[in-house]
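These are the residues of each chain, in order.
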Amino acid sequence: MWKFLLQRLLLFIPTFLVISVITFVLIQAPPGDYINSYATQLEASGEEASEALLLALRKRYGLDQPVYIQYVKWLWGIFTRLDFGHSMQWNRPVGDLIWDRLAWTVLISFLTIIFTWILAFPIGIYSATHQYSGFDYSFTFLGFVGAGIPDFLLALVLMWLGFAFFGLDMGGLFSEAFRDAPWSWAKFVDMLKHLWVPVVVLSVSSTAGLIRTMRANLLDELRKPYVITARSKGMTEWHLVLKYPVRVALNPFISSIAYVLPQLVSGTTIISIVLSLPTTGPIQIRSLMSQDMYLAGSIFLLLASLTILGTFISDILLAVVDPRIRLE
Amino acid sequence: MTRRITRREFLVVSGATVATGLAAACGAGESEGPADAAPAEAPAADEAAMPMGKYREAPELSEMVQAGLLPPVDERLPADPWVLPVLREIGKYGGEMSSIVADPTANLFEISNARGAAAAGRSYDLGSIIPIAVESFSVNDDSTELSVSLRAGQKWSDGTPFTTEHVSFWYEDILLNEELTPVVNKKLAPGGETLKLEVEDDFNFKLVFAVPYPVIIDILPSLSLWSPKQYLSQWHASYNEDADAKANEENFDAWYEAFQYHADEGETQQDADLPVLGPWVFEKQDTQGNTTYTRNPYYWAVDAEGNQLPYVDRLQKLVVENREVLTAKILAGEGTHHSWFLSLADFPLYKQNEEAANFTARLHPDLRASEMGMAFNYTHTDPVLRKLFNDVKWRQALSHALDRNEINELRFAGRGVPRNPIMHPGPLFWQEGLDQMYTAYDVDLANSLLDEVGLAWDSDNKFRLRPDGEPLALTMEVDAGRADLSETGNLIKSYWAAVGVNINVKGQDQQFYMQRMRANEHDIGVWAIGGASEPYSRQNEPIRYRPPWHWSSTPLGGPLWRQWLDTDGAEGMEPPDIIKELWETTVQWQAETFGTDRYKELGLKMLQINAENVWLIGTVGLVPRASIIRNTVRNAPDSDNILSIEYGMWTHYQQEQWWIDA
Amino acid sequence: MTVATPPKSAEANLYTASQWQLMWWRFSRHRVAVVSMILLVFAYGAALFAEFVSPHDPNRFSSSWVLAPPMRLHFTRPDGSFSLRPFVYGLTSARDEETLAMVVVPDETQVHPIRFWVKGDPYTLWGQFDSDLHLFGIDVWAEQPLFLLGADDLGRDLFSRIMYGARISLSIGLLGVGFSLLFGVVLGGISGYYGGLIDVIIQRIIELLRSLPTIPLWLTLVVILPPHWSALRVYFGITLILSLIGWTGMARVVRGRFLALREEDFIMAARLANAPQMRIIMRHMVPSFTSHLIAQMTLAVPGMILGETALSFLGLGLQPPVVSWGVLLQGAQNLRSVVLAPWLLLPGLFVVAVILAFNFAGDGLRDAADPYAI
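The listed protein sequences derive, respectively, from chains A, B and C.
Going left to right, the first sequence walks through residues 1 to 328 as my numbering numbers them.
Going left to right, the second sequence walks through residues 1001 to 1662 as my numbering numbers them.
Going left to right, the third sequence walks through residues 2001 to 2374 as my numbering numbers them.
Derived by calculation from the structure, the hints in this document are not laboratory data.
We put the beta carbon where it would ideally sit given N, CA and C, even for glycine.
Don't take every hint at face value.
Said to hold, decoys possible - Taking lysine-lysine pairs in the DSSO-like style, the calculated list, with each CA pair at most 30 Å apart, reads:
{"id": "1", "chain 1": "A", "residue 1": "K187", "chain 2": "B", "residue 2": "K1206"}
{"id": "2", "chain 1": "B", "residue 1": "K1351", "chain 2": "A", "residue 2": "K193"}
{"id": "3", "chain 1": "B", "residue 1": "K1462", "chain 2": "C", "residue 2": "K2119"}
{"id": "4", "chain 1": "A", "residue 1": "K59", "chain 2": "B", "residue 2": "K1246"}
{"id": "5", "chain 1": "B", "residue 1": "K1462", "chain 2": "B", "residue 2": "K1387"}
{"id": "6", "chain 1": "B", "residue 1": "K1284", "chain 2": "A", "residue 2": "K193"}
To be verified - According to the in silico footprint, chain C covers these stretches of chain A (three or more CB under 8 Å from chain C):
{"id": "7", "stretch": "17-29"}
{"id": "8", "stretch": "152-165"}
{"id": "9", "stretch": "283-294"}
{"id": "10", "stretch": "299-312"}
Construct all of the structure, not just a fragment, from the sequences and the given hints.
Below, the structure written as structure tokens:
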């Protein structure tokens, strides 16, 4: 078990390095840099952007140095001081900008996973134990519909419905009254009022997959001889299903963290733009467009690391729950 | 996504710290001066609780005075404060003004316009320039010196008296410091030589120019010639030997980075202790960009009854992540006033929600010359195309081929004016009808002109051929970030196809597109053509007066001509005589004193040359700008008032005299 | 499509039927899957013949019909008489000078019956065949529009635009899956064939790619696409980017199947019977995982289509004048559309319908892929 953990942990470090290299290469790849996009803005607003000025700005931001030096400096700052560089567009350290946003991204993703489980777990069991029943079909259908609706569209329509028919203020995570207020019960309730929309929208698209997995796994288990044995011994059906097959069929839920997490973080990006949530999504797309490279790079690096960490956690949980994996 | 104006950083680097909002005052001749103001309601301040002084202040400030946190208002104000005429009525203290922006680092004019305090501002009729943050200014006879007098007793928001010391600090330690100002803005270096500062005493100084520089008055509203030395000098290497160490402690690599971080008073300001002169002071900004500003207790302006301004307690800039959430919030009645992020297409939606949200949606005159302008590349590398583009009949034909009325109906609710992008009818030397030349929709005329040019039809009778017999196919590249341009571009494509001219509209990354234009690689250059005010054109490049370039460094059409003119014929391609003549005329016009007969004559000549040569083909201009103002907001502009970026949006409708009727 | 179920009388055939026949029988028992398949055939047919199926030129605009609502098909004339041939009323429009909205209303005095095989806007099918024949339309097509699904903000026919958009959106799904298949089979094959270090490396890469959040990755990648690319190349570029994640799934299936099949008894039997390696692979192994691959591919298409809409939504996908469902949805993703012209969201319905069809069809194929399972 410990060996297994250590192995996974050691793997994490090279993975992180590989991702950081990929990240840096990717954000450096588009032609031009922040100063170019800045000059474009200047011109568009009627100012003159002379070559001398651009040169001076490039020097100031260290953009005149070779790429590998920029990379090493950036990585060194991260490892030694947890300093992710300076956002040129915001005139602030990247660290100041991303931690809250990252926290919100994680929170929304986490809540969505929980919500998805709460939905998928009973529905999956029901569908498996009542295979080909009307409900089974309906759930399958609904699940597929949910998976088929582009999430930005759903979010936009929900936002409008909430506003037009319930007078809800949908954008952001807090109402105007609470935006500046310190944390309190009322503020928490206000947050929940805003949080359900993204959570529901995100769940709609990922629940279907989980229901299908749960159903398929449970069906496999239900056909196994030990179930028949238990049944023949007179165990109540309810007790029997929950005690053994469901426990085994639960594994995919835990391992689902590994593949659901990247999906959720992905989905959060889009939903956040539609619903104006303070996650990493909106700031990432903006920084990419303006080539604010340290900001864009750090966000991608952190998101990727987080999802890999999620995979790591699900591996451990799986090893804890399922002894067979430990023995492998 | 949005047109982002972040000139702050540029101007910091180039030495001209821009005042984000340009304050201005009502002209003396305005009918809505203080004399006409509605009968005053007593300000909310409790007079009984106040020691009887000359001036009155907001209740929150009185409380602070009583608590001993602030000196009394009479001591905070200069002996002779600026008396700001209110637009309609004397207001009451209190309330909050807020607006919403869909991009945290973008300039939200609704709020930033309120905060500035430049040396000068524009009068209500936009015609004259009057002192704002200074007592007075004057230019000597040959326009080589600008003399400025500061207001004695005027104070920074931290209570420090405002003197020429702050001007010297800006000049010596910022403008002339090579680390802080690697390149001096052309505006501050007339004749190629950086202007000189001569300080006379605590309240009087002079700016001296190497060459006559009459335009200095026109740029004054965009300059603030000082910096809070009392605060910023601690990060400056000339004042603090350990400035670099201090910067390192704050996680900056060098002192000038720390300095600029603390000196930032634009949209990304972080330091709440930075003293300012404007009516509101930065309080805080969260990580999403939501920003709050509070009243400056030392603001040096009063209304006609001696109430210290501003009336409104706080300003709020709210940030959302996209335009639709912004629209939803506006429709829900959030924010006090909006315009910059509104769209004409959404106007029916605004109107529908007026009552429920308690606001009024209006249309204001705006001054954009054309929502879209197209210039052919007159220095195209292909000689056949170059010859074709330079044939004025070709340009006239394509101008006649456009149904501008339909474009107007489709895209601008029929509210714009079909025209070519000659200046808006604002200049002193405007002549009716110039913008209407060659704009009548006439397919037959267009076809016969194209026949005259020598463009035969192909065998299918579908498109025309080039004079050399090759198929004529041009690419019109537009900024992919501007969906409106590519939409209109596709309309134009179909109009031109009807007369046999085949163009392909292609959305292109803005940066890359501009690169291509600079490199003379494009067929047709496209941009929205603004309508810069006359003084603005005079102060910067008169870009609107000399198409086809539009911009100085990224010419829409004919970049090689421009290069030739800039290098005195050393590089580029020699332009035809008419272009040289236009160039000469603009140079002379810029140097001429404003308003003289010669000035008007030269100006008219520029317009006529442009109109006759159709270098820029336009669609629809003078499209009104929408605004939404909450019904409780008083002293705000009405639908007759121009709302235009060219005049700084809300700037000359001074927000310090707006008030909230709760 | 006529074979619905295996003929009962021929139960004995079951034992001699080919694998594909078995698959088909099994698939055809899955009614929803069959319906879905038919739907997909129609959808792709419409996309292929978009010029012919659309009543209008998708780029034909008119200021008179801005945001015209969908037309109702009528069967009862104003005088009360019944008409078997559906007809629509003509439109009139005027601008509301207060709100600036264009108000488009049906004019009951103009009756336009809908006919099949009518002349209309000229077009060039597949860039080859000039024609002006349309599947359906109205006689006065030059003056009056036929807006089955309403018009957009330039007064263009939404139905025609959806048909043209299908061409891009549906093909991007297939092409993307094609790319995924190519990468997946090659890399999965290499991984399974060579094993050892290469296998480990490829597996690690797959693991890494799968654990990266896709949208942020796509965003970062899309920004790299050279800006001077033509619309067609951008289209291929975006397809490639979308399949960058897709291939990992494909590679896993290929490798997994390959490894599993090697252990199967029938392969062992073939080997014992001294069948040549090539024959074992081509005759026995490939067919058994081809069906799985087809199912897997079908299930991967929705992701591609949704990916395209998501990128368009973020303004990073295809751009107008290219018409795709994503582009149409991007144009509609504003409150103005939701409130004043909700029909502009209809492309979303088409997206959902096609994805639903792909999912059900894929489900059916997956079940059918294993004809001997219960």
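Comparing the hints with the structure gives:
Using a Cα cut-off of 30 Å, the hinted pair K187(A) and K1206(B) is violated, with the two alpha carbons roughly 56 Å apart. Among the hinted pairs, K1351(B) with K193(A) is consistent with the structure: their alpha-carbon atoms are about 29 Å apart, no more than 30 Å. Restraint check for K1462(B) and K2119(C): satisfied, since their Cα atoms lie roughly 20 Å apart, inside the 30 Å limit. For a cut-off of 30 Å, the pair hint linking K59(A) to K1246(B) stands: about 21 Å separates their Cα positions.
Pair hint K1462(B) plus K1387(B) holds up; C-alpha atoms about 23 Å apart against a cutoff of 30 Å. Proposed proximity of K1284(B) and K193(A) is supported: the alpha carbons are some 26 Å apart, at most 30 Å. Here's how the stretch 17-29 of chain A fares: 6 of its residues keep a CB closer than 8 Å to some CB of chain C, so the rule of at least three is met and the hint holds. A count of 6 residues in the stretch 152-165 of chain A with a Cβ less than 8 Å from any Cβ of chain C is obtained; the coverage claim is therefore met, three being the minimum.
Only residues whose C-beta sits within less than 8 Å of a C-beta in chain C count toward coverage, and the stretch 283-294 of chain A has 4 of them, enough to reach three; the restraint holds. Only residues whose beta carbon comes within less than 8 Å of a beta carbon in chain C count, and the stretch 299-312 of chain A has 8; three or more means the coverage holds.
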